[in-house]
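Protein chains: 2
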Amino acid sequence: MATERKGLLLKADPISAAFRDEVKKDLEACSSRPKLVGILATSSAPSNNYAEFTRRQCEDLGFEFVLKKTGAALSSDLAAGEGVEEAIIDANEDGSVHGIMVYYPIFGVQQDHYLQQVVSPLKDVEGLHFKFHYNLYHNIRFIDPKSLLASPTPSASSASTVEPEEPPAGTVKSIIPCTPLAIVKCLEFVGVYNKILPYGDRAYGKTITVINRSEVVGRPLAALLANDGARVLSVDIDSIHEYTKRPRVATNPSSEPTLAQKYHPRHIVHPSNLTLEECLAISDVVVSAVPSPSYKVKTALLKDGCICLNVASDKNFEKDVRDKASLYIPAVGKVTILMLLRNLLRLQQYQQTSESS
Amino acid sequence: MATERKGLLLKADPISAAFRDEVKKDLEACSSRPKLVGILATSSAPSNNYAEFTRRQCEDLGFEFVLKKTGAALSSDLAAGEGVEEAIIDANEDGSVHGIMVYYPIFGVQQDHYLQQVVSPLKDVEGLHFKFHYNLYHNIRFIDPKSLLASPTPSASSASTVEPEEPPAGTVKSIIPCTPLAIVKCLEFVGVYNKILPYGDRAYGKTITVINRSEVVGRPLAALLANDGARVLSVDIDSIHEYTKRPRVATNPSSEPTLAQKYHPRHIVHPSNLTLEECLAISDVVVSAVPSPSYKVKTALLKDGCICLNVASDKNFEKDVRDKASLYIPAVGKVTILMLLRNLLRLQQYQQTSESS
Chain A
36 MATERKGLLL KADPISAAFR DEVKKDLEAC SSRPKLVGIL ATSSAPSNNY
86 AEFTRRQCED LGFEFVLKKT GAALSSDLAA GEGVEEAIID ANEDGSVHGI
136 MVYYPIFGVQ QDHYLQQVVS PLKDVEGLHF KFHYNLYHNI RFIDPKSLLA
186 SPTPSASSAS TVEPEEPPAG TVKSIIPCTP LAIVKCLEFV GVYNKILPYG
236 DRAYGKTITV INRSEVVGRP LAALLANDGA RVLSVDIDSI HEYTKRPRVA
286 TNPSSEPTLA QKYHPRHIVH PSNLTLEECL AISDVVVSAV PSPSYKVKTA
336 LLKDGCICLN VASDKNFEKD VRDKASLYIP AVGKVTILML LRNLLRLQQY
386 QQTSESS
Chain B
36 MATERKGLLL KADPISAAFR DEVKKDLEAC SSRPKLVGIL ATSSAPSNNY
86 AEFTRRQCED LGFEFVLKKT GAALSSDLAA GEGVEEAIID ANEDGSVHGI
136 MVYYPIFGVQ QDHYLQQVVS PLKDVEGLHF KFHYNLYHNI RFIDPKSLLA
186 SPTPSASSAS TVEPEEPPAG TVKSIIPCTP LAIVKCLEFV GVYNKILPYG
236 DRAYGKTITV INRSEVVGRP LAALLANDGA RVLSVDIDSI HEYTKRPRVA
286 TNPSSEPTLA QKYHPRHIVH PSNLTLEECL AISDVVVSAV PSPSYKVKTA
336 LLKDGCICLN VASDKNFEKD VRDKASLYIP AVGKVTILML LRNLLRLQQY
386 QQTSESS
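Protein sequences appear in the order of chains A and B.
Just so we're aligned, residue 36 is where the first sequence starts under my numbering, counting upward by one.
Just so we're aligned, residue 36 is where the second sequence starts under my numbering, counting upward by one.
Hint data in this document are derived by calculation from the structure and do not stem from the laboratory.
Note that the coordinates shown come from a computational prediction; the quantities given were computed from them, not determined experimentally.
Take the hints with a grain of salt, since some may be wrong.
[As the list claims (entries may be wrong)] Using C-beta positions, here's what the derived DEER-type ranges look like:
1. B:R90 - A:E313: 53 to 61 Å
2. A:I317 - B:I303: 39 to 47 Å
3. A:E87 - B:L43: 52 to 60 Å
4. A:A204 - B:K59: 47 to 55 Å
5. B:L44 - A:F88: 55 to 63 Å
6. A:E390 - B:N84: 22 to 30 Å
[Unchecked claim] Going by beta-carbon spacing under 8 Å, a handful of chain A positions derived as facing chain B:
7. Q145
8. Y149
9. V153
Quick reminder that beta carbons are idealized off the backbone N, C-alpha and C, glycines included.
Generate coordinates for the entire structure from the input sequences, incorporating the hints supplied.
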């Protein structure tokens with residue numbers, strides 16, 4: 036009965052079902068149909084597939100989706116990325132467009148970061164703009180929607196460890212990057228988040244290894260989980276950092292809390308002396324997002340009964356992962372797209388607020 | 036008489052002399068002494084040396100310089116980068132500070148990009164904030180200083196091919212990233228820029244190879260040179276792009292100018308079919324900024340009589356470079372620091388404008 040002892044394989048559909056219903060309901064309540072523009076600037080097959088996936092999901096739910104092709108996506112005579120910045124600016128300036136999604140990678144990490152800042156934060160359904168990362172890293176959950184067009188570091192509403200049901204008057208929820216948010220929603224679904232604990236501390240007691248520390252997935256995810264109380268071991272190619280909200284003994288006796296720390300209580304980060312093997316041995320959850328087909332987390336190193344979640348398009352876990360893992364989620368894309376559409380609905384509202392004020 | 040045939044070795048001192056005088060004069064006219072805060076967050080020897088170099092230059096010229104050490108720069112018990120974001124935010128919020136300089140690299144390209152957005156653009160003497168890169172890439176030379184605290188993509192004053200002596204009323208000059216600007220000033224000094232040509236076209240007719248396409252040096256430099264009329268061959272590890280302001284035949288017959296192109300006439304970028312060897316063979320100027328001691332531009336490939344400029348801390352040219360080059364500039368750091376101090380003087384003024392309005 037070897038197969039009976041295997042851990043559970045959990046596909047994203049049951050996780051996304053509740054969000055699907057929520058998004059459908061919110062869409063019905065909309066005065067006008069939200070319009071998402073996808074911008075495809077390369078001939079990459081995964082980007083093309085993801086664009087078609089976005090279209091199907093949008094049309095299925097009743098959102099308007101327009102795919103704008105540019106550069107190598109438009110013609111084999113053109114280079115990857117040609118015209119993509121202009122396409123973004125046109126969509127920023129087009130009042131009929133409520134959300135913008137760009138299919139990365141295009142130029143590579145540095146120039147793609149630049150493009151992510153060109154997308155207006157008021158239309159940034161992916162939550163990749165610096166302002167949203169800043170809010171996330173500083174645990175700023177509510178913002179004045181007008182701040183998305185103002186001050187370089189957004190003015191914060193006071194952070195609170197217990198979230199009220201609704202944002203304080205005059206504020207709205209900050210946008211959280213789609214993929215990290217989808218991962219959190221998966222972990223909520225499978226009970227890693229404990230609903231008995233107060234909001235903002237529901238991952239307290241959990242040790243979570245996150246393999247990848249990019250600005251798009253790994254670092255925002257580590258910050259989100261730590262802001263929710265988890266001990267996060269953030270693993271990258273050359274270092275392991277620990278993200279935690281719990282106080283630790285200051286190694287520098289003269290250090291006092293900075294203004295920022297006083298105003299925005301949030302997680303702290305320090306280097307870890309643990310090895311990857313040691314991290315895996317103590318982790319209740321392992322999330323891997325390494326963009327390489329050859330990278331594999333060794334099943335033998337996992338803690339028995341842990342929860343494993345693959346975010347990479349290539350599988351980062353070995354075939355026998357469920358011999359050790361109690362639960363394995365192989366992909367999160369179907370949850371990610373719903374977080375994106377939820378962001379689209381919110382941003383459409385924020386745009387109306389900004390216009391009317 | 037082999038040595039007589041060698042090209043000229045030009046150190047940065049004669050180039051920086053004129054800027055030194057200009058900065059000194061402008062400093063004397065200041066109502067209050069500008070204060071620069073340097074933030075050092077690693078134990079890296081080059082960063083330490085550069086911080087001490089900044090201090091000497093500031094004190095020599097009469098600027099106030101305060102070095103704020105944090106993380107591994109403060110104590111060997113602390114990690115590289117620990118507390119650096121808080122130090123930046125404190126300096127942003129400290130009214131007595133006029134400029135902020137952070138010694139990179141700290142975490143690596145992605146997280147360092149994030150930090151560059153945390154520095155307030157009103158204090159960003161290095162010109163590394165997204166808003167300044169956006170202006171540069173769009174050839175927006177004059178900005179409303181208030182825009183540095185407002186709208187995510189700055190509102191442009193109309194671009195002009197002929198620069199007036201002074202910015203149009205209500206606008207100020209945008210800040211240009213220090214290192215690319217210092218390189219342009221070197222090329223102006225050695226006559227690559229032709230003063231007989233109209234402003235904005237003074238590099239017309241010159242072919243320039245730039246080796247490196249980072250967002251900090253190579254890409255902004257390519258854009259600056261192309262905005263000034265040069266044909267720029269931008270070489271990176273996996274591709275060669277051509278930056279130019281000259282029109283070319285559209286490869287896509289249906290493409291019309293975008294809103295952005297209509298509003299901000301600027302350089303265009305397209306992929307090149309040339310190899311590095313072919314680029315070097317036709318280049319009047321070769322700028323190299325590859326952060327590797329083993330990378331060398333082969334002297335044998337250079338066009339006879341070209342001008343070579345090394346920006347890397349390791350020398351990217353071979354010892355015999357002057358056998359082919361008519362002129363070789365081995366380092367630009369002394370010009371860069373003066374561009375930084377010039378930015379500091381300007382930003383101090385912009386801060387006063389923003390406060391009084």
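Evaluation of the provided hints:
In this structure the supplied range 53 to 61 Å is violated for R90 (chain B) paired with E313 (chain A), their Cβ-Cβ distance being about 42 Å. A hinted range of 39 to 47 Å for the beta carbons of I317 (chain A) and I303 (chain B) is inconsistent with their spacing of about 54 Å. In this structure the supplied range 52 to 60 Å holds for E87 (chain A) paired with L43 (chain B), their Cβ-Cβ distance being about 59 Å. A hinted range of 47 to 55 Å for the beta carbons of A204 (chain A) and K59 (chain B) is consistent with their spacing of about 53 Å.
Separation of L44 (chain B) from F88 (chain A) is about 58 Å and conforms to the stated range, judged on CB atoms against 55 to 63 Å. Range check, E390 (chain A) to N84 (chain B): about 52 Å between beta-carbon atoms, so the 22 to 30 Å window is missed. This hint holds: Q145 (chain A) has a C-beta 4 Å from the nearest C-beta of chain B, less than the 8 Å allowed. Satisfaction of the interface hint for Y149 (chain A) is found here, the shortest Cβ-Cβ separation to chain B being roughly 6 Å, below the 8 Å cut-off.
Interface hint status for V153 (chain A): upheld, as the beta-carbon distance to the closest one in chain B is roughly 7 Å, under 8 Å.
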